[in-house]
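Numbering (this note's numbering), first residue to last: 1 to 136.
Note that these hints are calculated values from the structure, not bench results.
Check before you lean on any hint, since a few could be wrong.
What the hints assert, rightly or not - Straight-line alpha carbon distances no greater than 30 Å define the calculated DSS-like cross-link-like pairs of lysine-lysine that follow:
{"hint": "1", "residue 1": "36", "residue 2": "52"}
{"hint": "2", "residue 1": "135", "residue 2": "54"}
{"hint": "3", "residue 1": "72", "residue 2": "52"}
{"hint": "4", "residue 1": "7", "residue 2": "117"}
{"hint": "5", "residue 1": "7", "residue 2": "72"}
{"hint": "6", "residue 1": "52", "residue 2": "7"}
{"hint": "7", "residue 1": "72", "residue 2": "90"}
{"hint": "8", "residue 1": "52", "residue 2": "67"}
{"hint": "9", "residue 1": "36", "residue 2": "90"}
{"hint": "10", "residue 1": "36", "residue 2": "58"}
Unchecked claim - Label pairs and their calculated CB-CB ranges:
{"hint": "11", "residue 1": "81", "residue 2": "60", "range": "24 to 32 Å"}
{"hint": "12", "residue 1": "57", "residue 2": "96", "range": "17 to 25 Å"}
{"hint": "13", "residue 1": "51", "residue 2": "5", "range": "36 to 44 Å"}
{"hint": "14", "residue 1": "135", "residue 2": "9", "range": "34 to 42 Å"}
{"hint": "15", "residue 1": "88", "residue 2": "32", "range": "35 to 43 Å"}
{"hint": "16", "residue 1": "12", "residue 2": "91", "range": "39 to 47 Å"}
{"hint": "17", "residue 1": "96", "residue 2": "58", "range": "28 to 36 Å"}
{"hint": "18", "residue 1": "42", "residue 2": "7", "range": "29 to 37 Å"}
{"hint": "19", "residue 1": "134", "residue 2": "31", "range": "31 to 39 Å"}
{"hint": "20", "residue 1": "10", "residue 2": "53", "range": "14 to 22 Å"}
{"hint": "21", "residue 1": "134", "residue 2": "36", "range": "39 to 47 Å"}
Every residue, glycine too, gets a C-beta built ideally from N, C-alpha and C.
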Amino acid sequence: MRFKELKVVEIPKWGTYLREQWRESFARHLTNAEQKLIGMDGFLWHLCSWEKVKCFEKDEAIAAFNKQSKFKCTIFYQFIDEAYLLENAKTLTVEELPYDKYDMDYCDIYIMDWNYKWTFIITHESDLGPYFIQKF
């Protein structure tokens, strides 16, 4: 079976919804108070940097992302509501992600499987991340 080319659909104003889905899917083992204590009200990726979830980091995270089946996934950011739905994204690589480490709106990016099975995160901190979480 051949995969069609990557299809990108802009889903405006979905950022807040996707951030909440991300929190529910990957951080539900923490109370709201615990999430706030580690700074997740500012940066969701603190879940990884504070080692509150099992995850891959750096090159291992990139390798795990590249190996994932990415038929349908979302891309969203920490601070803005701009978001995208990607379909037929099997060949999507880290280099193709709409990420800009110099623009605060686009410097913390989250890629999440449509079924919430995995997530890949690139942070604005050059010494932290990227991170990859996979639910089993």
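Do the hints match the structure? See the list:
1. 36 with 52: This hinted pair holds, its Cα atoms lying about 13 Å apart.
2. 135 with 54: holds, 9 Å
3. 72 with 52: holds, 27 Å
4. 7 with 117: This hinted pair holds, its Cα atoms lying about 20 Å apart.
5. 7 with 72: Distance of about 9 Å is within 30 Å: holds.
6. 52 with 7: Since the Cα atoms of residue 52 and residue 7 sit roughly 34 Å apart, the hinted pair is violated (cutoff 30 Å).
7. 72 with 90: holds, 8 Å
8. 52 with 67: This hinted pair holds, its Cα atoms lying about 24 Å apart.
9. 36 with 90: violated, 35 Å
10. 36 with 58: holds, 25 Å
11. 81 with 60: 24 to 32 Å: holds, 31 Å
12. 57 with 96: 17 to 25 Å: holds, 21 Å
13. 51 with 5: 36 to 44 Å: Holds - the Cβ-Cβ distance for residue 51 and residue 5, about 38 Å, lies within 36 to 44 Å.
14. 135 with 9: 34 to 42 Å: violated, 24 Å
15. 88 with 32: 35 to 43 Å: holds, 37 Å
16. 12 with 91: 39 to 47 Å: violated, 25 Å
17. 96 with 58: 28 to 36 Å: Once the Cβ atoms are compared, 19 Å apart, the range 28 to 36 Å for residue 58 and residue 96 is violated.
18. 42 with 7: 29 to 37 Å: This hint holds: roughly 33 Å between Cβ atoms.
19. 134 with 31: 31 to 39 Å: Because 23 Å falls outside the window, the suggested range is violated.
20. 10 with 53: 14 to 22 Å: For residue 53 against residue 10, whose Cβ atoms are near 29 Å apart, the range 14 to 22 Å is violated.
21. 134 with 36: 39 to 47 Å: violated, 25 Å
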